[in-house]
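Chemist: Letter by letter, the chains look like this.
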Amino acid sequence: MAAFKLPKYGAMLVMAVFTLYFLTPLWWLFVASGKKDGQVTEGSPLLPDHFSLGENLSQLFRYNDGIFLRWMANSIAYTVGAALLGTLLAGMCGYALAKYVFRGRELIFNIVLGGVLVPATALALPLFLMFSKVELANTFWAVFLPSLVNPFGVYLGRIYAAASVPDELLEAARIDGSGEVRTFFTLSTRLMAPAFVTIFLFHFVAVWNNFMLPLIMLGNERLFPVTLGLYSWNTQVNQHPELRALVLVGAFVSIVPMVIAFLSLQRFWRSGLGAGSIK
Amino acid sequence: MRFRARSIAILLLSTLSITACSSGGDDDAATTTGTASCAPSSGPVTLTYTTWIPNIEKVVDVWNKANPDIQVKVQTGPNGNGGTYANFFNQLKAGNAPDLGHIEYDALPSFRVQDGLTDLGSCDIVAQSQSKFIDWTWNQVSFGEQGHVYGIPQDAGPMALFYRKDLFEKNNIPVPTTWDEYAAAAEKVKAAGGYITNFSQSDINQFAGLAWQAGAHWFGNDGTNWTVSMTDDATKKVADYWQGLIDKKLVSSVPPWTPEWDNAYNSSSAWTWVSAVWGANSIASGAPKTSGKWAVAPMPQWTAGDKVAGNWGGSSTAVFKTSKHPYEAAKFALWLNTSTEALTLLNKEANLYPATKEGASLPALKEGVDFYGGQKIYDVFAEASTEVKADFTWGPTMTQTYADASDGFKKAVTGQGTLTQALTDAQSKTISTLKSQSIPVKE
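If you read the sequences in order, they're chains A and B. Final position of the first sequence in the UniProt record's numbering is 279; the numbers increase by one with none missing. Final position of the second sequence in the UniProt record's numbering is 443; the numbers increase by one with none missing.
One or more hints might be untrue.
Said to hold, decoys possible - Which residues of chain B face chain A? A partial, calculated answer using Cβ under 8 angstroms:
1. P54
2. Q75
3. N347
Hints listed in this document are in silico derivations from the structure and should not be mistaken for laboratory results. Quick caveat, the model's predicted, so the values are computed rather than measured. Glycine residues also receive a C-beta, built at the ideal position from the N, C-alpha and C atoms.
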């Protein structure tokens, strides 16, 4: 059976169609956020006319004493903070599980892996009750602390550490008198860099999109991440139609950090995913 | 390496035991209630208030400046069904619910059956204020029980008929005053190339407002048992009426609150909307091209010469059971919902239509509105608000009831099943939901 070889332009066509398919909604959002007063149905959905994005943006940034900018800052604090710390924790944990042999290692690993199967949504309510007990509900920590945990990151970290950090190298470091912590931070972190970036990106996306947790934990609007803030505006569009324009422009602005994170880190993301897949 | 293994194991175990403690701990946080009586607290108090009214801070600031001893901290978030009600229930369970919460009339019974509300009936200041409120709004928060009240009425959604004055005049169609005339007008509108209205497949509370006008009683409570009667004669009459319009294709049925729906009004395809007072803004922003061409008339009547209106929406300010300062909370809620300064601000900032008798004469509600050709539309609603029947009660599981009825309505507008069938199904599902929540129900 002769293998059918897709001609090059055929593959390109498929790619082009998919690119268009994925980019059209973004383009629509861009055009819609430029429409005057949120009149989404006015004019063509995909061609900008009466383009007033600047005006809409300034309206968005001024509404309710600039609460939107506060939400963006919160989102970045939750996401970048939790992703950085969470990546470090997950990387260290994965590294420890890969490189140290101790009793219960597999048990711990399996418990962590089990955590991958539990959807974050299901944990939000129990977490709320726990945080209420220690009077931390409705605080920054109520969203930040649970966001640090990333079982999938531990898994990736272990796989990657096992594959990319040779035992011999660690042995050599020990013989040279380097402590375990120093070895980890000076040697192993460099070898594991692609894994760290991958974990960071996964974690970044997960925290950025985590919606249930802040919805249940937070009552104070000034602590909201941008997803929850936009959602709460959107629930009121029926009775307060002026919010529709703000929701659209806000949604557009809120994807900018994600786009930046992806474009700047996608190189690492790819190589990290590849490394995970061969093991 | 052994040392590491042990310390990790200890860490893990301690985490587990913390978790176990927290989840197995006392669950009776919700039962530690505030004082049952309504006595003023000694010394200054700080109250928390959760709502989703936009710009509420501006209103609360006015109170805080004038009342240094009763400071109110306000928090806003998504609307009730968007998550805030669920949060209230969680917070009642966790013991950290706010003192005051924004609860729509149709959600109030669900908090009542879960015993989440403070009965303000024993508060003198509340009882004395009853006469300030339009009678039916008081019934919405007292459930018709004498001497009990579970929230302070905040706003109302009296209904009227929004219609395209220009198109009705141009086509020589008289403005319908009865539902028969409305159906006759629908034929003429269809002949002129439009739809008389868009029948909403998911606004069950709008349909409830129509049934309410016709004299329906969807729910009842005799003190112990709930009754569900979503297919009583009045409701059937309304359902059959709209089914007729749907069958004859005299109404469109695009999903409400979508750009499509706005477009139906903006492009003059839909000519009327039987809606609540707050709907005035929805049309104005959704159909800007039609500015100046609309007018508002009283709701069509079932019997010529009657004066009965329906209601769609409206909410209350309730004091949660866990509040330690029910007196101060009630005092604030009364100020928020009866004082001219607060009502003026609420109307200006959030377009709320007051539930008080005097509220209808706020200066802002006496002005002509340009979008409606300068008509003083709020005069129509002020009258409608006094014509709403007082004896309509909501059930304790309205979110579920709405969802189930809406499922049926969506099918009905596409020709599968009927509105009556949808209501029958919603009723039996509501009864089984009540049973599953151990709420006594009489069939």
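Chemist: Answer holds if the nearest beta-carbon of chain A is closer than 8 angstroms to that of B:N347; otherwise answer violated.
Modeler: Because about 13 angstroms separates B:N347 from the closest Cβ in chain A, which is outside the 8 angstroms limit, the hint is violated.
Chemist: Using the nearest Cβ pair, does B:P54 come within less than 8 angstroms of chain A?
Modeler: Hint holds; B:P54 Cβ to chain A Cβ min 6 angstroms, cut 8 angstroms.
Chemist: Holds or violated: is there a CB of chain A closer than 8 angstroms to the CB of B:Q75?
Modeler: holds (4 angstroms)
In the structure shown, a violation is registered for the earlier hint numbered 3 alone.
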